[in-house]
Amino acid sequence: MTEALVQVENLSRFYQNNRAINHLSFSLKAGEVLGFLGPNGAGKSTTMQVISGNLAPSEGEVSIAGHDILEAPKAAKRHLGYLPEHPPVYRDASVDEYLRYCARLHRIARGQVLASVDRVKQLCGLEDVGRRLIGNLSKGYQQRVGIAQAIVHEPQVVILDEPTVGLDPIQIREIRELIRTLGSQHSVILSTHILSEVQTTCDRVQIIRAGELIYSASTESLNQGHESSVKIALRNPVPPDELSCLAGVDHVEALEAGRYRVFLSANSNPDALVTAAVQQQWGLYELIPEQQSLEDLFIELTHHQEATAE
Amino acid sequence: MIWVIARREIGAMFCSPLAWILLAVIQTILGYMFLANLDNYFLLQPQLMQLENTPGVTDIVITPLMHVAAIILLMIMPLLTMRSIAEEKRNRTLSLLVSAPLGMSDIVLGKFLGLMLFVFILITMLMLMPLSLYLGTSPDSGKLLSIYLGMLLLLATFTAIGLYLSSLTENQTIAAISTFGVLLMLWIIDWLGGSVSNGHSVLSYLSLLRHHQSMLEGVFNSSDIAYYLLLIVGFLVLTIRQLDRERLL
Chain D
24 MTEALVQVEN LSRFYQNNRA INHLSFSLKA GEVLGFLGPN GAGKSTTMQV ISGNLAPSEG
84 EVSIAGHDIL EAPKAAKRHL GYLPEHPPVY RDASVDEYLR YCARLHRIAR GQVLASVDRV
144 KQLCGLEDVG RRLIGNLSKG YQQRVGIAQA IVHEPQVVIL DEPTVGLDPI QIREIRELIR
204 TLGSQHSVIL STHILSEVQT TCDRVQIIRA GELIYSASTE SLNQGHESSV KIALRNPVPP
264 DELSCLAGVD HVEALEAGRY RVFLSANSNP DALVTAAVQQ QWGLYELIPE QQSLEDLFIE
324 LTHHQEATAE
Chain Z
20 MIWVIARREI GAMFCSPLAW ILLAVIQTIL GYMFLANLDN YFLLQPQLMQ LENTPGVTDI
80 VITPLMHVAA IILLMIMPLL TMRSIAEEKR NRTLSLLVSA PLGMSDIVLG KFLGLMLFVF
140 ILITMLMLMP LSLYLGTSPD SGKLLSIYLG MLLLLATFTA IGLYLSSLTE NQTIAAISTF
200 GVLLMLWIID WLGGSVSNGH SVLSYLSLLR HHQSMLEGVF NSSDIAYYLL LIVGFLVLTI
260 RQLDRERLL
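Same order as they appear, the protein sequences are chains D and Z.
Taking our numbering, the leading residue of the first sequence gets 24, the next gets one more, and so forth.
Taking our numbering, the leading residue of the second sequence gets 20, the next gets one more, and so forth.
What the hints contain is simulated information worked out from the structure, not anything from laboratory work.
These numbers come from a predicted model, not from an experiment.
Worth double-checking, as some hints may not be accurate.
Said to hold, decoys possible - Computed spacing ranges between beta-carbons, pair by pair: (1) D:132 / Z:36: 47 to 55 Å; (2) Z:264 / D:63: 41 to 49 Å; (3) Z:44 / D:81: 47 to 55 Å; (4) D:39 / Z:44: 40 to 48 Å; (5) Z:22 / D:151: 28 to 36 Å; (6) D:191 / Z:35: 50 to 58 Å; (7) Z:22 / D:46: 52 to 60 Å; (8) Z:264 / D:244: 25 to 33 Å.
Stated by the list, open to error - Take a look, some chain D residues computed to stay more than 10 Å from chain Z by CB distance: (9) 45; (10) 72; (11) 78; (12) 96; (13) 98; (14) 109; (15) 120; (16) 130.
What the hints assert, rightly or not - EDC-like, lysine to aspartate or glutamate: derived pairs with alpha carbons at most 20 Å apart: (17) D:254 / D:191; (18) D:97 / D:220; (19) D:97 / Z:125; (20) D:97 / Z:263; (21) Z:108 / D:226; (22) D:97 / D:119; (23) D:97 / Z:189; (24) D:52 / D:108; (25) Z:108 / D:177; (26) D:254 / D:226; (27) D:162 / D:115.
Ideal Cβ positions, reconstructed from N, Cα and C, are used throughout, including at glycine.
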């Protein structure tokens, strides 16, 4: 077989006559973290449900570690950990009971269940809540239990559907940390609509819209390819032309009164801009570096498609 | 794997008060009836002594008791089976089982086995009452065995039907009511037999009551066993098909 762990080929999925996924093809290599981006209703969750075997594909093929999800579902699912949008937790079970049950379901030998459960509890920061009922835990902890469930059997492929929804900023940071750790041993597919999350955690990003893959690239090339920009605010506004003729400045976009978005040329920094501002007394009081290349791209792509669709 | 799911099922049942309350209510009511039947038997005993070929204590005390037990359980079993799949669908926990390396048949059989463990406990507790008769008299052991087996098969059928109807909906109340409706319909389906002469044999063959009655009387008929097994296997297969089908919708 190929070295790709997850191979999706020409996948389509209909809900009655509604096409949720339209001839989607992609693959996931070992040790890769793939970010799935898309507006609401783009087909992210459906794709993940199909890959995890919760929905049958209408057309096309999905194989995990060389096993077809329809022809050899049990073999394929052995290599898979899945966290759906709503964590599938039993509210009436304690965290320990639940994770032990999941471990057994995933055919971990009886003698190794406790060790596996302890390992994921430590990984997901659940040591202190082991004896508590899941129903009494906060949303963030339930989400962690959901993630723990997906990785308890150390699958080669982990699929996480919006893992950071409903978490507080500290938890989000912890979960991202966790996902990065996972990425070193497992392959991860991650869906989200938080763009910065993809930028910080993923090796590769895919944007889908209306069930079609419209963009796919590594995040590294994404960060390099785009020029950086800074947002500045001046107390004494000047015409944009005056800014754009400075060294290292590519072009300038005037925003509301006294505010500008300055696009810098590649590999330069806003030194000249600051020096000029001080010398000519523009009253520079705000300078914010912008790293929104992915967001720009996302909006550009999804918007562009919308325009052509109309 | 089936066993893992079954254990979780029975564990969840006994974690909530539901299982305990069901056991307590059934045991109390039937215990009282057992007492009343026994009392009745003592009143009748002098007259029975004079008859030839008298019905024994099993016929007078146990058979009517188990007949009532079957009717009470017909009303109670839907409450037990309603949550098994409907709740997992409502709470979206079914995907945990579906994305684990299990077949749909493992899931359904696991659920069925879990419920059957409860049924087993229930019937065994009920059978303790007839067994207590061994202290004072000598009941018909063969008949008791037939009754035990009859109850087990009957409740297994209730369970299989309940499991199927629970797989059709997310709403536990709907599952319970429709299960109750189907069970009651199967129970009374031969009432029409008197007026419709042609359909009579078919309707009475379909009736749960007829098959149960003969086992209560100690008649171990293979056609009764076949009837129960057909229903059980049939509804389990339907449940598996239903869960499989939902992935396509």
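Need the list of violated hint numbers for this structure, in ascending order.
1, 2, 6, 7, 8, 10, 11, 12, 13, 14, 15, 16, 17, 18, 21, 22, 23, 24, 25 and 26
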